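> Taken in order, these protein sequences are the chains called A and B.
The opening position of the first sequence corresponds to residue 835 in the working numbering, with each subsequent residue numbered one higher.
The opening position of the second sequence corresponds to residue 65 in the working numbering, with each subsequent residue numbered one higher.
These are computed hints drawn from the structure, not numbers from a lab.
It should be emphasised that the depicted structure is a prediction, and the values quoted were computed from it without experimental measurement.
Check before you lean on any hint, since a few could be wrong.
Stated by the list, open to error - Some residues of chain A that are not near chain B, with every Cβ distance over 10 Å (derived):
#: 1; residue: Arg982
#: 2; residue: Ser1005
#: 3; residue: Glu1037
#: 4; residue: Arg1159
#: 5; residue: Leu1255
Unchecked claim - When the alpha-carbon atoms are kept at most 25 Å apart in a straight line, the in silico DSS-like pairs for lysine-lysine are as follows:
#: 6; chain 1: B; residue 1: Lys290; chain 2: A; residue 2: Lys1167
#: 7; chain 1: A; residue 1: Lys1238; chain 2: A; residue 2: Lys1084
#: 8; chain 1: B; residue 1: Lys290; chain 2: A; residue 2: Lys1137
#: 9; chain 1: A; residue 1: Lys864; chain 2: A; residue 2: Lys973
#: 10; chain 1: B; residue 1: Lys66; chain 2: A; residue 2: Lys1238
For every residue, glycine included, the Cβ atom is placed at its ideal position computed from N, Cα and C.
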Amino acid sequence: MQDIIAMNRIFKIFPPSLVALDDVSVTFRKGEIHAIVGENGAGKSTLMKILYGMQPADSGEIIFNGKNVKFSDPGEAILAGIGMVHQEIMLVPQYTVWENVVLGSEPVKFIDHLDSKKARQLVKDKIDEFHFNLDPDAKVEDISIAARQKVEILKLLFRNVSVLIMDEPTSVLTPQEIPQLFGELKRLRDDGHTILFISHHLEEVLELSDRITVLRKGRKVGTIEAADATKAGLAQMMVGREVIFESIRKAQQPGKVLFEVKGLNYIDPDKRPRLSNINFQVRAGEIVGVVGVEGNGQLELVKIIMGLIEPTSGSILTLGEDITREPILEKRKRVAFVSQDRANMGASTAATITENVIMTHHRLNDRFTDWAGRILNFKQAQTFTDEVQDKFDVQMSSGETVFKSLSGGNQQKVILGRELLLDAPFILLDQPTRGLDVGSIEYVHRQIIDMRAKMRGMLLISADLEELFRLSDRLLVMHRGKVVAELITEKTNVTEVGYLMLEGAAYEA
Amino acid sequence: MKRKVLVNVVGVLLAFLLGALVMLLQGYNPLETYYRLFEYSLAPGKITYTLSKSVPLILTGMSASVAFASGPINLGQPGQLVMGALFATIGGIYIDLPPVLMVPFLLLLAMLGGALWSGVAALLKHWFNMSEFITTLMLNMIADFFTAWAITYPFFEENANHPQTPLISVSGWMPEWGNFNSSVIVMVLAFVVVWFIMNRSTAGYEWRLSGQNSLFSRLGGVNISKNYIVVMLLTGALAGLAGGLVIMAGPHRFIKGIGANYAWDGVMIAMVANSGIILTLIFGFFFSVLQTGSLGMELITAVPKELIQVLQAVIVLIVVAGRGYFETLFAKLEARRKMKERAT
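Just chain B, with the same shape it has in the complex (with noise of 0.2 Å):
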């Protein structure tokens, strides 16, 4: 448990020295750009603006982390979010009902989008044994597509100059306070849902049980198949939710390229927290703190806020493979203890 945080925590500080070093080759002061990115982000006002920023990140993060955990390579965020948004545009554009039910009525039609659109990589698996890594990609494509045509024809608001969709009901729209979106609760009510099934449900024991050996879990008489199935069906739902969200916290409406910038961010936050629930919602949370400070950064400082992309990226891989490293490093430790046990 120590080890965990100290390969995150050295992971994370290395990665910023190296940006900071980056910096220093350019002429820019680290510690003033430092600051500013974090003021931006974390100060009082600002880091609801953060939280609610975070809302996506950590619910495509957690699609991914839950697959990743269990075995199936689900990489289609991107396309689950935009079909969970667009069932919840069209819900929330022709039907009106109390916020009280419309909230949760959208919420659910955006989970339904998700999983309808990882079910279809799911059967593919069970009927031809197609391979998710790759159908899930595919899909992410075919979606995309889908929904541009979707917002461009059918679903067009009338007179706009850019294909996109009229606005959903007001009911449906999640309720503000200030900077704070209540999309944030609803975020960490599926957090705390997720941490349940994987850590304390039968059905979670066998995922990662299945996840990190599906002979042994077979064997142990694990209906893998049906997990399989269940655990896409799941991440494509969490997936879809991060895009009704998206619409129903922001511009309540599905406006062309939405999705672009949050889906592939999940892949990237699952993979830094090795696919661990709580550890995907801190790096998501912190990854938001990154994006929202970058815009801070850009404004007062010169430097560029693509530097935070490279700096996430560096962070990534300064974590990964540091995790690798670190346990062949451990292993050999113990291994050398051993010896000299041995030879005492």
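Okay, chain A solo, but in the shape it has when bound (with noise of 0.2 Å):
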């Protein structure tokens, strides 16, 4: 088979400082369906962005049926034949199938003048030449997720595109419902389209795809054909040959239990469950980790413990008190939070520094407000601004300027310096080392284990296992909604847990 797409030592730098993709090459053929898999920030994504022309790369080169292209924006990549189906369906839902096929691209009479019974003809053309199970008339809003992404590959197929790219889509979709489209692709593949497929899950990778392409942290580590391919093997190649990751922490005996989630699940208003039966406890000093790929239920979770949305069932307890339904400043008392996401949770980054350090505290503690509350005692915030400052090693000017002004690091710094001096039992930490530098990451996993040593209780959701090495007592393994497994973490490797949270299941050999 030939090669259609080569892509030759591309890089591309998110500034300052991460490297997305450090000297890839990775070649697809011509009529097979090459997966690309690895876990979180490995580049899939980004690698296929450059490919479909959402981003640039910072060098490297494209090479598409023999020629070098360089796509400015989808439009270009779509009219040379390269399309994607992003995670996202993206569709006017009040608009027909056929209308949403056909929009941005529709057959005119006249001048501009949209020839529908034409339009709905040529998508009806299209919906049996693929044997897509679809109704042209119905519409998108009434369809099925599963349909609606077909409309979205209709709509690419519609373009006459010979390259599919598919981010994730099984992600979307139910376990009932992933046969149908990989029975789908399977046949674009034989009609001779190429199928570029990002995923993290093996088993559907082992199933659908012909050749397989390893990334690991901005690097290819292989590509390899499926045939030769095992689970374990492409669970070791995705997280890294066994690495001893050292642990920061020192042996104590963990207190009484300061948090606890009891029966908790939680079905999505689009009905689709993402929280199922999960139960977990956490001591006072002791470092529960959560690990898993993101999407499998964390962000709900982390929602319903801080109360932004309800669960469907089962409750949440502090000290053993039922908080569940609680309002959120009362839950504050015993909670601390610090989010993966700085500018939405963490933050109002248009505020001053003062501003952000004192929230929450405002309400809990009286020696920021005057007149039974109603007034704020600016001199204390100002002094309070500075006693983060101090102990959390934050570069700033003053407290008056604007938080948007720091430093990533520096953000989150302030963020848990706030969130620390709170004096809650139990700390629910959201990937709180997101985006941050080596040496900034080094400073709060610091912190954790000082926060660990004074006996709180702490929730640690991470998506780098190195981290969740450094710093768990306890593993929770989270995959779809479960927690699949509850590991020690001295008793555990990361191939075993790699295997796990893409799996959701142990390895058997």
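Starting from the two chains in their separate frames, assemble the complex, guided by the hints.
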């Protein structure tokens, strides 16, 4: 089989220092299904976005059908014959299937006048040609997610693309819908289409693809024939060789139970189960890590603990008291929260540093207010900002400067300072080092370990296995909304955990 | 801080320059026109009048500024203003107290009228999750026709040939010294209170932070829905107060169409002031200067006073656009500086 695409020596750097793709070269053959696998942040999506013209590469070349190409936007890529189906479906819900398919490249009669009869017939022909089980006249809002995804694919086929990029297509589907999608993709391949398929579900990758390229931390680990691959081998390639991550914890006896989740279930408004029967405890002086590929229920768990959404059933307890449906301010007396999303959840970037630092404290600690809570005490607020600056080593000029002028690391230090000084017994850490440089990560880790020594209880959600192994006493592995394993960090290893988080079940040789 | 002043001053100057260009094209003398404009509004004896005229502009401006800064998009100042005016008028017609009590009483009634009207929008949001962006606009029209009905039928002055109410009791008239109307004092008091609430109180802190990032504030324990209702009521009360003062300082009765000229200017002032309370005061006064001066300008020079409306609009556009532009410009300069630091 001949190569249809060759991406040579692709580099992509996100300023200031994140190397997303580090000298990646990969070729795709005509008429194959080629899976791109890797952990979060491995560079899969970035690589595909560069191919599709959504992001420019910093260096490297792309050869498509023997010609050197460089797409400056997705429109050019589609015109040349490369289309991408994104994770989120982007259709007009009020339009019918055929209207959505032709939108943007409508057949016209006279001048700019939609030829609806012809358009509908063209779409119908395409549906028949590819044996898609779709009704061209159904409204998109009335059809299932799987059918909408088919409409997205059809939209690209209508524009005669020969290369189809699928970004984690199964993540929005129910298990019953997946075989049908795979059947269709295989049929497209047999018709001569090339399919590039981003995934981190090993089983699906092995079932569907002809060849597999593995990326890890922006580098290509290798490309292998699917026939030669095994799940264990792939998992090892994805998470790396057997590295022993050194723990930086000192042995200590955990205290009483500070935080508990009991029988938690959550079904989202689209009727998809997001969390199923989650149970765990966090004791004083203990760090419990939550391992899992992003999107397996971690975000929903965070939102439920913090009170942004209500669980379908189950409860959250702190110090033995049910706080599931308490107002957020009530929860905050016992729960400190460091979020992964500094700009939206962790701070108001337009406000000053001081205004950010006193949030929550202003209601829980009466030293910040006078007149029975009605007036803010700015002197105290300023003193407190200085305290955070000293204790957490924040590089800043004054509390009156706006928060967004701080670097990412300093922003996170301010947020950590605010939350850790709340004196809440339980701390929820949602990817606390996301997007930080090495020095800041080190700093945050030391603070977390320090809190452990002070007998606080912590739940650490992270996408970084190294971080989880360094900090956690125990690990909960989440997969598709379930806790599939509860492990003692010392008694497990990266291979086992990596396999569990990707597959949801223990490896059986 | 310096940048803020710069953006506003440059914006205003640019707008004046554009205005001058338009006048030149039409054969007017811009220097003389501008001189007459400011002479008529700022000369001794005139400035007090300009100040009095700025009262409804600044109050509705503060109403919009507080709302926008805190999140709710209250565009209902026109309706809240006429409801406040109607409440004050009705109270003034039927009740007569000594002036010391009467004036505060009518002012409270006016605020109540405005707050009731914005409260309707707040409840519609609370119960049915209807956006105040739409409901306040709709309620403006209802208030318009409701007040028109009220002064045409139940509170109509006999023998008048135009829909209007009888005069309110003299004890409810705002005292006036020459051209200076005491409504200015009420406005300044309201300004001080609003500034204090926004910048010093716990509630104002929470409102501002929620306006900037409501998810963060919610996670921080702020009661978003309660604050929403309070902000809606307060901003409605401010617009209502503007309406009450228009009646009590001006014609002392509700005449058809009385609110038409003020309330939209409030939204415009809030926009050009970027929802800042102090800037609202400054721009509110400045727009009053332009509006009062335009009368004199038209009297003495041949330039039509409509030109001033154009000038106002241009100021808003340039200052608002300039703010965004300056921010990207400063961000770019900053980035370039950092790149250089890195290179060395």
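> Now, for every hint given, state plainly whether the structure supports it.
Here's how the hints hold up against the structure:
{"no.": "1", "hint": "Arg982", "verdict": "holds, 26 Å"}
{"no.": "2", "hint": "Ser1005", "verdict": "holds, 24 Å"}
{"no.": "3", "hint": "Glu1037", "verdict": "holds, 36 Å"}
{"no.": "4", "hint": "Arg1159", "verdict": "holds, 15 Å"}
{"no.": "5", "hint": "Leu1255", "verdict": "holds, 14 Å"}
{"no.": "6", "hint": "Lys290(B) / Lys1167(A)", "verdict": "holds, 20 Å"}
{"no.": "7", "hint": "Lys1238(A) / Lys1084(A)", "verdict": "violated, 36 Å"}
{"no.": "8", "hint": "Lys290(B) / Lys1137(A)", "verdict": "holds, 21 Å"}
{"no.": "9", "hint": "Lys864(A) / Lys973(A)", "verdict": "violated, 34 Å"}
{"no.": "10", "hint": "Lys66(B) / Lys1238(A)", "verdict": "holds, 18 Å"}
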